[in-house]
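Given only the sequences and the hints, what does the whole structure look like? Please build it.
What follows is each chain in one-letter form.
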Amino acid sequence: MSLGSVPLKYKISIDRDQCMKCMRCVDNCSYGVYRIEDDRILIDSRRCTACHRCISMCPRDAISLQEKPVDYRSHPLWTAQAREDIINQARTGKIILAGMGNAMDYPIIFDRLVLDACQVTNPSIDPLREPMELRTYLGKKPAKLEFTKSDKGDIELKTELAPNLKLDTPIMIGHMSYGAISLNAQLSLAKAVAKTGTFMGTGEGGMHESLYPYQNNMIVQVASGRFGVDINYLERGAAIEIKIGQGAKPGIGGHLPGEKVCSDVSCTRMIPLGSDAISPAPHHDIYSIEDLAQLVRSLKEATEWKKPIFVKIAAVHNVAAIAAGIARSSADAVVIDGFRGGTGAAPKVFRDNVGIPIEAAIAAVDQKLNDQGIRNEVSVIASGGIRSSADLAKSIALGADAVYIGTASLIALGCRVCGNCYRGLCPWGIATQQPDLVNRIDTDVGSQHVANLIHSWTLELSELMGAAGINSIESLRGNREKLRGYMLDESMLKVLNVDPVGA
Amino acid sequence: MTIDANGMHYTPLNKMIRQAVASGVREIVINNVLGQRFIANGLRSNVRITINGVPGGDLGMFMSGPECIVRGDSEHAPGNTMDNGTIVIHGSAGDAVAHSMRGGRVFVRGDIGYRGGIHMKEYDQKRPVLAVGGTTHAFLGEYMAGGIIIVLGMGHEVAVKDRGIGSGIHGGEIILRGDIQDRLLGVGARKVTFTDGDLKRLSPLITEFCERIEVDPAPFLDTNYTRIIPASSRPFAGKYTWE
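Chain order of the listed sequences is A and B.
Residues 320 to 822 in our numbering are what the first sequence lists, from first letter to last.
Residues 423 to 665 in our numbering are what the second sequence lists, from first letter to last.
Don't take every hint at face value.
[Claimed, not checked] Under the rule of at most 30 Å between Cα atoms (straight-line distance), these lysine-lysine pairs were calculated in the DSSO-like manner:
{"#": "1", "chain 1": "B", "residue 1": "LYS661", "chain 2": "A", "residue 2": "LYS413"}
{"#": "2", "chain 1": "B", "residue 1": "LYS437", "chain 2": "A", "residue 2": "LYS463"}
{"#": "3", "chain 1": "A", "residue 1": "LYS387", "chain 2": "A", "residue 2": "LYS413"}
{"#": "4", "chain 1": "B", "residue 1": "LYS613", "chain 2": "A", "residue 2": "LYS460"}
{"#": "5", "chain 1": "B", "residue 1": "LYS548", "chain 2": "A", "residue 2": "LYS625"}
{"#": "6", "chain 1": "B", "residue 1": "LYS437", "chain 2": "A", "residue 2": "LYS625"}
{"#": "7", "chain 1": "B", "residue 1": "LYS613", "chain 2": "A", "residue 2": "LYS413"}
{"#": "8", "chain 1": "B", "residue 1": "LYS661", "chain 2": "A", "residue 2": "LYS387"}
If you are wondering where the hints come from, they were derived from the structure by calculation, not from laboratory data.
This is the structure:
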């Protein structure tokens, strides 16, 4: 018995009056939607992923795309998605994988928080005229400073300072590995962070040698598979990040399929060509918080205590207590990845159902660390669904020191969030290793776009701070007084430690 | 050069080792080692370090080149994510020995704990070896992606009697002395006959291991071994469907 086909996801049509048959759509679509027969462009809408590559390249705006062109009987519970997932699993008996971040319609807390501005009683600050201090240091801060006075009366700092990362803006680019994204995508991001005085993560995939010129702006990752990790790699990084979990798939490991392990990826990850790269769910040398401390110190010892060590966890129910444990492990920063964090591929049931929103996680972690008097022991980096400078400002006001952006930086390179990263055919040259597609990214142009994005958000953040009468990022950090909750329930306001609008 | 590690914290100890190596010392003896972790971490050199006592966890982690000889037992994870070099332990060792090791050799005369050789991998010319004279606990060679594990089972009836051997293995091989019960194999592990060809191929390694742990190799140079290899190089290929 056949279950038949499910309806088209998208329907593509061409306005034949507008079309001049330049064939750019045919050339650009890597999914094979278009083909030419008898001088006519034929369309196979079933192959379309809504990546918009053809639409963006069409010089006549002749292409239109319609989502869900076929209706199901509407039902609030049995959504089209629910029905189609069941049909898929009835056919295959397998776990469903999906790309990009959480696609469930949960309320977005960021959009229920509003920022403050000065009126009359205190003046706002004009960032055009006044200096705005956005410089951010990530790493341990001493609980107190001790000084010595020499015979001549010179004052010298006696306290030994822990290594910190110096950021010109509190926006970093999160870890997306070579393998998950292309080398040209990584190179564009690397050039952009070098230009804007900030940092990016390598992801768990080693560091390709063409990124060495940007290594001072790169945070190297050590994940459970230890791919590409050797002492040279650790020494290259400006900081080292231990990846425990990821917001898109908390509690499970990673898995780069063999077909994506080409010769260059194989060299960078230091694994055989075409073999599956399996990152186990836990680090098998970390079975406890004490073991985590051992890995943190092992990395410090191996790099002679010169580098800050970050620990990245997914935002889960007990995130605050876990972060407090991490703060005591000698780690210099804790990265919290919310449940909207992106990914190339994750089991859909995890992507959509496991973990908590980043907004609540930041507030809970900041509060717990403050309550325990150890907030200075670790910086807090937030990630997972930061879409704009407003999300950035709200994250910092909730208690983050800086944010990682991932999806936003890829959108600056062309990504349209179609969520088909796992197919390796990304027409924008981002989530693919196919040379003709990868070459679609000009790394100079790409890096400029990413740098523009970081620059724009930095400008907007300064304006938002100035309007709120704040001239230093330090004064915004954890400053819940600058936030009000709009249509958030009392229990949520309590977790966020934010007053409602009007209060 | 001789270092007395009595009461010394691991950081100054490692600093002394680094300084000695940088100044050209190629032979270091550390006495009275008692639980100091991270000895020779990330060290790049051809130095030989003799450790008299019991080193703490992560001995030789990320190490690339040195030879560490332990006259005593060793704590968890010696040879963790090691890149190159040799560790010889003349006693027993804890859990996760040779965890994620990519190159070099870890030789243990006695027994090891759980998860020995877990996620060992090979690459290019690098093929890591974990050899154990005694026995091991569960999950030996789990997720193994390359390299060789040899267990001789000296002083034990069978080389390994714990379960989960090679679960998720997708590269490399596990060689165990004698026969191993099928029920001890993990998911994705396959038992094959140890052939004369295997013996010929591995004899130099078995001999070298025995010599390093000061045992006569002769009784071990026959085909009385079980060879465990991956059932597939893509253990999870059939688990997923796309949205």
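Please list, smallest to largest, the hint numbers that this structure does not respect.
4
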